[in-house]
Amino acid sequence: MPNLRVLIQGEFIRLNKYNLFAANFVVLLFWVFLAWFLEGEVLRQFIPVIFLMDSVMMTILLVGATLFYEKKEHTINSVMVTPVTENEYLLSKILVNALNSLITVAFISLAVYLIKGVTYNYWLLVPAVLIVTVVHTLIGIRLSYSAKDFTSLLINYMIYVFVFVLPPVFAQFGLIDASVARFFILLPPEASSILIGTGFVEVELWKILFGYSYLALLSMVLFRFSVKPKFNEYMMKEMGV
Amino acid sequence: MIKVKNLRYKYQKSKDYAINGIDFQINEGEIFGFLGPSGAGKSTTQKVLIKLLRGFEGEIEYQGKPLNSYDDQFYQDIGVSFEMPISFSKLTALENLEFFKRLYKKTVDLEPLLKRVGLWDDRHKKAGEYSKGMKIRLNFIRALLNDPMFLFLDEPTNGVDPANSRIMKDMILEFKQKGGTVFLTSHIMGDIDELCDRVAFIAEGKLREEGAPRDLKIKYGRRTVTVEYRENGELHSQTFTMEEIKLPSFFKLLQEKEIETLHSGETTLEEIFIKVTGVKLRA
Ligand SMILES: Nc1ncnc2c1ncn2[C@@H]1O[C@H](COP(=O)(O)OP(=O)(O)O)[C@@H](O)[C@H]1O
Ligand SMILES: [Mg+2]
Chain V
20 MPNLRVLIQG EFIRLNKYNL FAANFVVLLF WVFLAWFLEG EVLRQFIPVI FLMDSVMMTI
80 LLVGATLFYE KKEHTINSVM VTPVTENEYL LSKILVNALN SLITVAFISL AVYLIKGVTY
140 NYWLLVPAVL IVTVVHTLIG IRLSYSAKDF TSLLINYMIY VFVFVLPPVF AQFGLIDASV
200 ARFFILLPPE ASSILIGTGF VEVELWKILF GYSYLALLSM VLFRFSVKPK FNEYMMKEMG
260 V
Chain H
160 MIKVKNLRYK YQKSKDYAIN GIDFQINEGE IFGFLGPSGA GKSTTQKVLI KLLRGFEGEI
220 EYQGKPLNSY DDQFYQDIGV SFEMPISFSK LTALENLEFF KRLYKKTVDL EPLLKRVGLW
280 DDRHKKAGEY SKGMKIRLNF IRALLNDPMF LFLDEPTNGV DPANSRIMKD MILEFKQKGG
340 TVFLTSHIMG DIDELCDRVA FIAEGKLREE GAPRDLKIKY GRRTVTVEYR ENGELHSQTF
400 TMEEIKLPSF FKLLQEKEIE TLHSGETTLE EIFIKVTGVK LRA
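For the protein sequence lines, the chains are V and H, in the order given. All the letters of the first sequence, read from the start, carry residue numbers 20 to 260 under our numbering. All the letters of the second sequence, read from the start, carry residue numbers 160 to 442 under our numbering.
Excised from the complex, chain V in its bound form:
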């Protein structure tokens, strides 16, 4: 797939030119700034939140922003009349976001090490961040499909957060019964949170195994049955060229 490399390079050039990298970087600096004020156990609890936010929220927003630009400028139509296949195109989005998340891991980890001397298990963190990013790239693409502009993508994202992120938060505050909360690992952000947590705390083995299998399966199902079938329709929807 020689086109994949070209697509990924092109995407990185565009992330840069469209100032999306810069926006991402500002957010990273903000995280580091917050981390500066935290110490000890609080800091150790905060760092996984950074990675979770980055690989869930930033992934969805970045993929949404690039798709939104491609749609607005109709460049997706130009790309689709080249030898690039749909799979290559979609895969390039996934890989670009995965690389971005790795950059985040490297940057944040280096920063918190330098300013606070904090280390953690990078070998467990990296694969977790990768799978979480892959799932959320696909979720981001799917949310963009049903958004008519960037604002409505943001609204879709908010809905996603409310539906999937709030229940575990409520459970933590004891607002939802523990017997129900056991099943929250089925919510993608919660499964993501558990996997990212493996870099920082002991997590039961079954949860790790289940988390990885579940998110891998979810990625495949999303790709095959949700993102791919709708791709052409989405591309043509407001083509106007």
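Just so you know, the hints here were simulated from the structure itself, not pulled from any lab data. Do not rely on the hints blindly, as some may be mistaken.
Sample of chain V residues facing chain H (criterion: CB under 10 Å; computed from the structure) [as the list claims (entries may be wrong)]:
#1 PRO21
#2 ARG24
#3 GLN64
#4 HIS93
#5 THR101
#6 THR104
#7 GLU107
#8 ARG201
#9 GLU252
Result set (DSSO-like, lysine-lysine): computed pairs, CA atoms no more than 27 Å apart in a straight line [to be verified]:
#10 H:LYS365 x V:LYS256
#11 H:LYS164 x V:LYS167
#12 H:LYS274 x V:LYS36
#13 H:LYS224 x V:LYS247
#14 V:LYS247 x H:LYS365
#15 V:LYS91 x H:LYS365
#16 V:LYS167 x H:LYS249
#17 H:LYS164 x V:LYS256
#18 V:LYS91 x H:LYS291
#19 V:LYS249 x H:LYS172
#20 V:LYS167 x H:LYS291
#21 V:LYS167 x H:LYS365
#22 H:LYS291 x V:LYS249
#23 H:LYS224 x V:LYS167
#24 H:LYS169 x V:LYS256
#25 V:LYS256 x H:LYS291
#26 H:LYS174 x V:LYS256
#27 H:LYS285 x V:LYS36
#28 V:LYS256 x H:LYS249
#29 V:LYS36 x H:LYS249
#30 H:LYS249 x V:LYS91
#31 H:LYS174 x V:LYS247
#32 H:LYS169 x V:LYS247
#33 H:LYS284 x V:LYS91
#34 V:LYS91 x H:LYS260
#35 H:LYS284 x V:LYS36
#36 H:LYS172 x V:LYS256
#37 H:LYS260 x V:LYS36
#38 H:LYS224 x V:LYS91
In this text, a Cβ means the ideal position worked out from N, Cα and C, and glycines have one as well.
Chain H with the ligands: place on chain V using the hints.
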């Protein structure tokens, strides 16, 4: 090269067919044009032919095989320019072209092409800062950068100034001379007349007439010659059929009168279009 049989296409959300049963054939090495007003179905046809719009009814054969049997390698030999100029606005013109260029096996040198359409000096300008005419020229070059065998051009000169339009038309003719095949659409009679070996009239999703522009003009034109001359300060005109111009009376008129104009009864494609379809090319 392309054979189309009873092609119909309906957009998902609309109840009417945008293309409603059309048949045509594009032969290798020719420029084939669709002439028709806005909304006739020209762009839709092009998008179906380049495999962007799926789910058409009818048959399309490309080089003897069903269009649907081709994968994305189909695009190696095809150049497309859309009706609307498309580019990454925050990338320079050259960055835009370089990105697309790397997606093809076979490519051409960009410098002579950009120089020809007058964009070389502005190659490092962001595409978003280009004027509409410049964007269209950039898209035209985009369509040529993989050295295609087949060009699909949707209203290629629409919005381009006359001088650049001339250059683009020359380039299209040269593309044909080198053996290329072209499908082009336009609502501008002049382009079709000048470029196309054959033209089909499209109105309301249907093809109404087809042929070489010259043949159509002969078929629909009056085979007459009208002479305008002045006599005692007054303007007179007299019309002769092609048979009558062989008679002495015609020559006598030419010799004796002060002739102002001589017109053949040849008609324009635009007039023929209106006559055949009952629809005007421009609203
Ligand atoms: N994306 C679309 N969705 C629904 N209808 C469309 C779409 N694009 C074009 N049409 C309709 O299809 C018809 C043909 O349009 P088009 O092929 O763009 O015509 P032309 O290129 O000749 O101006 C028009 O009635 C137009 O309104
Ligand atoms: Mg059109």
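task = Would you list, in rising numerical order, the hints stated earlier that this structure does not obey?
result = Hint check: 3, 8, 11, 14, 15, 21, 22, 23 and 38 fail, others pass.
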